[in-house]
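Undergrad: Single-letter residue listing:
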Amino acid sequence: MHGTRILEEADRLMTVCNSCRYCEGLCAVFPAMEMRRAFSDGDLNYLANLCHSCGACYTDCQFSPPHEFNVNVPRTLAVARAESYAAYAWPRAFSGAFARNGLVISLVAALSVAAFIFGFAALHDRQVLFGVHTGPGAFYKLMPHNAMAALFGAAFLYAIVALVMGVRAFWRDIGEPVGMKTDMAALLQAIRDAGELRYLDGGGVGCFNEDDRPTDRRRLYHHLTFYGFALCFASTCVATLYHYLLARQAPYPWWDIPVVLGTLGGIGLLIGPIGLLAERWKRDPVLVDEARYGMDVAFIVMLFLTSLTGMALLLLRETAAMGPLLALHLGVVFSLFVTMPYGKFVHGIYRFAALVRYAMERKAMAHV
Amino acid sequence: MADLKKKFDVLVIGGGNAALCAAISARRAGASVLVLEGAPKFYRGGNTRHTRNMRCAHDAATDILTGPYTEDEFWDDLLRLTGGQTDEELAKFMIAESKDILNWIVEQGVRWQPSLGGTLSLGRTNSFFLGGGRAMLNALYLTAEKLGVEIAYDAEVTDLQIEDGMFLSATLKQPIDGASEIRASALVAAAGGFEANIEWLKEYWGDAADNFLIRGTPYNRGSILKMLLDKGVQEIGDPTQCHAVAIDARAPKFDGGIITRHDSVVFGIVVNKHAQRFYDEGEDIWPKRYAIWGRLVAVQPDQIAYIIFDSTVVTSFMPTLFPPIAGATLAELAGKLGLEPTALEKTVADFNAAVRPGTFDHTILDDCRTEGLTPPKTHWARKIETPPYLAYPVRPGITFTYLGTRVNRQARMVMKDGKPSANMFAAGEIMAGNVLGKGYAAGIGMTIGSVFGRVAGREAAKNARN
Chain A
1 MHGTRILEEA DRLMTVCNSC RYCEGLCAVF PAMEMRRAFS DGDLNYLANL CHSCGACYTD
61 CQFSPPHEFN VNVPRTLAVA RAESYAAYAW PRAFSGAFAR NGLVISLVAA LSVAAFIFGF
121 AALHDRQVLF GVHTGPGAFY KLMPHNAMAA LFGAAFLYAI VALVMGVRAF WRDIGEPVGM
181 KTDMAALLQA IRDAGELRYL DGGGVGCFNE DDRPTDRRRL YHHLTFYGFA LCFASTCVAT
241 LYHYLLARQA PYPWWDIPVV LGTLGGIGLL IGPIGLLAER WKRDPVLVDE ARYGMDVAFI
301 VMLFLTSLTG MALLLLRETA AMGPLLALHL GVVFSLFVTM PYGKFVHGIY RFAALVRYAM
361 ERKAMAHV
Chain B
1 MADLKKKFDV LVIGGGNAAL CAAISARRAG ASVLVLEGAP KFYRGGNTRH TRNMRCAHDA
61 ATDILTGPYT EDEFWDDLLR LTGGQTDEEL AKFMIAESKD ILNWIVEQGV RWQPSLGGTL
121 SLGRTNSFFL GGGRAMLNAL YLTAEKLGVE IAYDAEVTDL QIEDGMFLSA TLKQPIDGAS
181 EIRASALVAA AGGFEANIEW LKEYWGDAAD NFLIRGTPYN RGSILKMLLD KGVQEIGDPT
241 QCHAVAIDAR APKFDGGIIT RHDSVVFGIV VNKHAQRFYD EGEDIWPKRY AIWGRLVAVQ
301 PDQIAYIIFD STVVTSFMPT LFPPIAGATL AELAGKLGLE PTALEKTVAD FNAAVRPGTF
361 DHTILDDCRT EGLTPPKTHW ARKIETPPYL AYPVRPGITF TYLGTRVNRQ ARMVMKDGKP
421 SANMFAAGEI MAGNVLGKGY AAGIGMTIGS VFGRVAGREA AKNARN
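Quick mapping for you: the protein sequence lines, in order, are chains A and B.
Residue 1 is where the first sequence starts when you use UniProt numbering, and the numbers rise one by one after that.
Residue 1 is where the second sequence starts when you use UniProt numbering, and the numbers rise one by one after that.
One chain only, chain B, in its complex shape (with noise of 0.2 Å):
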């Protein structure tokens, strides 16, 4: 490890993909560069771990993409799911640099593959690491250190001393040979957000965010965030946004990742502790819809739901980890669950008597749906009827929030008085609220970092260059 008491050109805070983006380009650009990574090495990355795609515009198909995703068609995407919450210079650019990252994140070490079993829907507009995310970081790690980039593990910023909207230096919990106190001429921030930390949750939450589940690494905790925010850097986004999906109830509290997640609710009815529907289950074509989950279970009495689904559709949706809980009958399958049986009972049966006939086609929005049933289930309605009855049991799976730093087009911070900051750069989920103002989209977390990563690093380099 390099001597750590000497100024360095970049500081990264963070260790995932906007960071390490950040931090190799820095590097190619002259600088010498530190990472500090709060994490173990194990733990490295953040939410970088769990992920498996990024969405990037391209003009024609490739070997990976079955087709083109132009600009066009990504701004109307964006536009459509943040309902117009969004910085359009900012998204606009974003979504032109992204056409380039395709190829420059391959330079990086980086390998792409075809959309994975059981995502084809997703073939077009993204491409998929081969290996997954933790194979992306790893790549990008060796890249980084082949480079010189200096990487330190367990290395939690405690404070960071900031002066009129420029960085001097940052604070260390533990000292990495004697070194206390890292000094460096520009700061680029990437160290994600504050998910798990319930505490912070529960300021717009109250108590319900102590059934959350967070699909991440405990270290997300946000304190680099609020370090910024107390240090006169603007906000941006709304701070009880954030992306939450519907996952098994019985994943653990932490990191759990992606295979904790259902998609089945479109093949059957979700029900709260009362036995109670309460969404259209038919809504859109997964995964369109899929991120709506988090937040309806979220509301509900005490966070938690149960997708109802009967023998039939079982090889309907990918493998769960969790197996699905059953019953011989539908009073069985309540008690199992803790419902109240007669209530249970009385909702499935009104739900198979509103039941119309149609043909069932699970990849288009099909006519099968109920009649006089509310919530309605507007499309895949089949009746539940053949034994055994099963049940996956869900709570809301917190991956990410949207509270962040505003940035300019340098990825450089812009502080409450509206004046760019003098060194420091943002880039990832810590500025994600500028392009994504609510709602999400499939891979566009890894673009936002990769895109504002390798800018900030650049503009990073620039800045301490002159």
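In isolation and in its complexed conformation, chain A is listed as follows (with noise of 0.2 Å):
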């Protein structure tokens, strides 16, 4: 017996599975799957989050749908998957903001928004907050930077606090240990297999997404999403170390690291979640989880308002629309990081976590 009926259903599809074993070339899932003979709570969620939903295992089952075994293992592992991000999230009284995904982070979205927008208003007259300013230290004229730093900072914190307690509960689920043991081989192979996407390939000829010819576009996307998010944030780092250690204060010319690597990754991240939005839009509805189409597009559509507003102001920063575009790209940002623990961010952390914990497994496995 398991504790939802999705599990039950997981359960069932993956004892189908594990008699059939035709699709273990396809991705991680099955040679993990073929480990067990049978099924915990905690083993069903490790497979739900290691599965990429590249669709190849729907695409090539002959017990799919409308077959009688009604096998759809990217759907089932989806709704159990997302089920799961509610299950580990911390605070618990939190979890219930995975239900109406959507509606959550838009309200928290536009409550950061609203309030960066007063409160710039209310500490500042409008010559300040329309007013043109250039040089070094020209956005602090409207937030001073150890206000910024220290708010940011904070929500930062608090995201990675809640992020690592609900990695915590996922790692205790799976049946590890807390405290990972340093694997340094495995964690390097998951970094290898996350960072190429390696099972989002459909077993080497690319993810079925609206019908049954396999395509690469999703993995693109997701490319210039991912890569896009981690140059932009490259560039708040080395912004900060600019800061304090060579004291030298934003906004940078366009020619210096900061503004090229947010202006590269501004421009993935840009292009990516549109791409990805587009492909969500697109995709056979047999393999989603319809329940969950606002927290998919939610977290794109946030990535997406990220990238637009910190481009806008990078164009419009030396003009009167510099005030009011800081005051929504901060609170998009913000709301971005306050919101990633409770949201389809979470989705990378799990993944990961199951990555590392696959990797710790086959070495496992080849030396018995």
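Hints were generated in silico from the structure; no laboratory data involved.
Worth double-checking, as some hints may not be accurate.
[To be verified] Derived contacts from chain B toward chain A, CB cut-off under 10 Å, selection only:
{"hint": "1", "residue": "GLY45"}
{"hint": "2", "residue": "ALA326"}
{"hint": "3", "residue": "GLY327"}
[To be verified] Taking CB as the label site, the calculated pair distances span:
{"hint": "4", "chain 1": "A", "residue 1": "GLY195", "chain 2": "B", "residue 2": "PRO40", "range": "37 to 43 Å"}
{"hint": "5", "chain 1": "A", "residue 1": "GLY175", "chain 2": "B", "residue 2": "GLY148", "range": "50 to 56 Å"}
{"hint": "6", "chain 1": "A", "residue 1": "LEU316", "chain 2": "B", "residue 2": "PRO40", "range": "55 to 61 Å"}
[Said to hold, decoys possible] Restricting the straight-line Cα-Cα distance to at most 30 Å, the calculated cross-link-like pairs of lysine-lysine (DSBU-like) are:
{"hint": "7", "chain 1": "B", "residue 1": "LYS173", "chain 2": "B", "residue 2": "LYS7"}
{"hint": "8", "chain 1": "B", "residue 1": "LYS5", "chain 2": "A", "residue 2": "LYS282"}
{"hint": "9", "chain 1": "A", "residue 1": "LYS282", "chain 2": "B", "residue 2": "LYS146"}
{"hint": "10", "chain 1": "B", "residue 1": "LYS253", "chain 2": "B", "residue 2": "LYS7"}
{"hint": "11", "chain 1": "B", "residue 1": "LYS173", "chain 2": "B", "residue 2": "LYS231"}
{"hint": "12", "chain 1": "B", "residue 1": "LYS346", "chain 2": "B", "residue 2": "LYS336"}
A virtual CB, placed ideally from N, CA and C, is assigned to each residue, including glycine.
Mind docking these for me? Both chains are given alone in their own frames, and the hints should help you get the complex.
TA: Okay, structure coming up:
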């Protein structure tokens, strides 16, 4: 007996799949399944988070609907995965955020933006808010750097703590002792697998999205999004170092490292999310956890808005629009940070942890 | 969809591996090709849906094959398993052609992988399809579509117009785009056998056929085969022969596929509905003797049998779709199975008493055997004495039939008078009986399909041009 109905269904499917095994060359889920004969809740949550939803096993399955065995692994694991996010949320009181995720994220985003706009308006007169500020420290005329760093540092720290607590819960659930053994090889393997989205390629031909013709578009758009995000994050880190170590204040000229990184990342973070959204829109409903449409879309839109407002700020930073745009951008980024542990962002974290576990298991099995 | 009222160069009837290989090869040879698949799109491909590998000769190990499997060894295997019931010329031709199929099929989009978990014994001889048979089919269909092969689903053919061994046209049950009569310069029949046609099976098996389970789709009714044989094509193969394995009695009537089979026979004993053993469960290593159990169960009363084992061997074989039926005592188990408890207890007690000590090793023909028992269990015999006692009910699962159309090396059908047909070719299960008179070896059906499909398509295209 399992804790939820979806885990019951996942167990049924894994029993079907384990007596077939035709899909074992497609991804990591099926080899991991083959290492087991029975499936605990934790095993199923592990498999669910290991699944990249490439859809190949559905298209290749002789027992997928309308067959009476009704085998739909991608959708079943997608639902189980989303339910696991809520189960691992910290603090538990916030797990409800996953239920109506689109609404929650939109509200938090709107409130954050409003808070920054009203904050700026309350603290400054119109001349400052709509004034033209240039040169080093221009942004800090609207919000002192220390205040900005403290606020965002706190938000970021909170997100990290909540995510770590979630991963702890996940790691425990899938049966690993807390305090991951230092297994560098497994960690590196997982970094490689995640970095190239190895298991989003349908076993080599690409993933299945709107029909039975494989394509690599989702992987491409995900790369643009992920590496775009990483570049933007790197840009922020470099800027922070500039500020504290070199005493160089933003805004920086267009050729300087933070701006170059941010611009490149921002472009990726514009194209990637649009592509992902388009692919999500076209995706065959049979593969999708439709109830989580809001969660998927909210996260993609937030990433897109982060980039869009950042790029707008870069282009218009020497005009009177800078003040309102800064408020908008900071509001979006702030809400992105605080909602990270309560939205689609966590998929990357849990999937990475599952990949680490898988790499460890593979090694252990190879030694047996 | 193209205009189906025009005359095609090549008409392929069927939609599995053989049909698609024929369609692709004919199209690549420049022919206009129409494929009529009688099943709906999801069930396209007949038995190919449920396959997973192909047996091809090769002279050296490859990325996915652990060692060489020469033409001679393949031929020896075929000779042994058919007991000589094979057309040597055709069989050797197929084996020689199978070498190049390993590459050709990859050019058609099919991908290989090393042998699947639980099938290590096939790692040297058989190449496995990445993602299984349906993945293989999907790849062939995509390639065929890209090449411009026309494909129609739900396109059941109810009649063939054949004159003096020459195909003229095929009649559709339901017109497609207003066309109900399909004309073509050449025909490739690749529409499988009749394993899903219970009435036809009954002609040879009597009412026992009512208890057969069909491992593939309900669409393998053999109607094209019947039409061809009725219209003068020479028949080949024993109509009573079929590839049948023991599958779980709880499986659906049709299309249970691979996951309903049991490979646990060697780990226990098999009894019939009277709780009596009837064959040496330890005769040979799985999967070599895997294929005999379907026929063995088919001749038992009510076509049912039970694999009985105990809790010590549960993890010795692949996990099963249906869980074993369990009893804390043999009597309790017998009650759940509907067997006479005292009879089962006696059968197991007699068996246990006959077991001689030995060193168990299921990977070789070990020395664990019975003595003074009829029938004996000649290997892997260990006492059944650790509860819970477990059982799988099994029935014959029919995979494919061997009755077919005679062909020559061009895959061209041969008429009853011995003359080759003017423009009719056959590939796959519908002509498998030419090389496989009886017996079975894993993956050989796919070899027959791909090799003769490719040849049939090429020859049909050539025929259509002339």
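Undergrad: Each of the hints needs a verdict: does it hold here or not?
TA: Structure-based check of all given hints:
Given the 10 Å rule on beta carbons, the hint for B:GLY45 holds: about 9 Å separates it from the nearest Cβ of chain A. Evaluation of the B:ALA326 hint against chain A yields a violated restraint, the C-beta minimum of about 14 Å exceeding 10 Å. Violation of the interface hint for B:GLY327 is found here, the shortest Cβ-Cβ separation to chain A being roughly 20 Å, above the 10 Å cut-off. Hint check: A:GLY195 to B:PRO40, Cβ distance near 42 Å, so the stated range 37 to 43 Å holds.
Our hint of 50 to 56 Å for A:GLY175 and B:GLY148 holds, since their Cβ atoms are close to 53 Å apart. Our hint of 55 to 61 Å for A:LEU316 and B:PRO40 holds, since their Cβ atoms are close to 57 Å apart. With a CA separation close to 18 Å, the supplied pair B:LYS173 and B:LYS7 stays within the 30 Å bound. A C-alpha spacing of about 35 Å is found between B:LYS5 and A:LYS282, which places the hinted pair above 30 Å, so the restraint is violated.
Restraint check: the Cα-Cα separation between A:LYS282 and B:LYS146 comes to about 22 Å, which is no more than 30 Å; the hinted pair holds. A hinted pair counts as satisfied when its Cα atoms are at most 30 Å apart, and B:LYS253 with B:LYS7 does not qualify at roughly 39 Å. Straight-line distance between C-alpha atoms of B:LYS173 and B:LYS231 comes to about 19 Å, which keeps the hinted pair within the 30 Å bound. This hinted pair checks out: B:LYS346 and B:LYS336 have alpha carbons roughly 17 Å apart, not beyond 30 Å.
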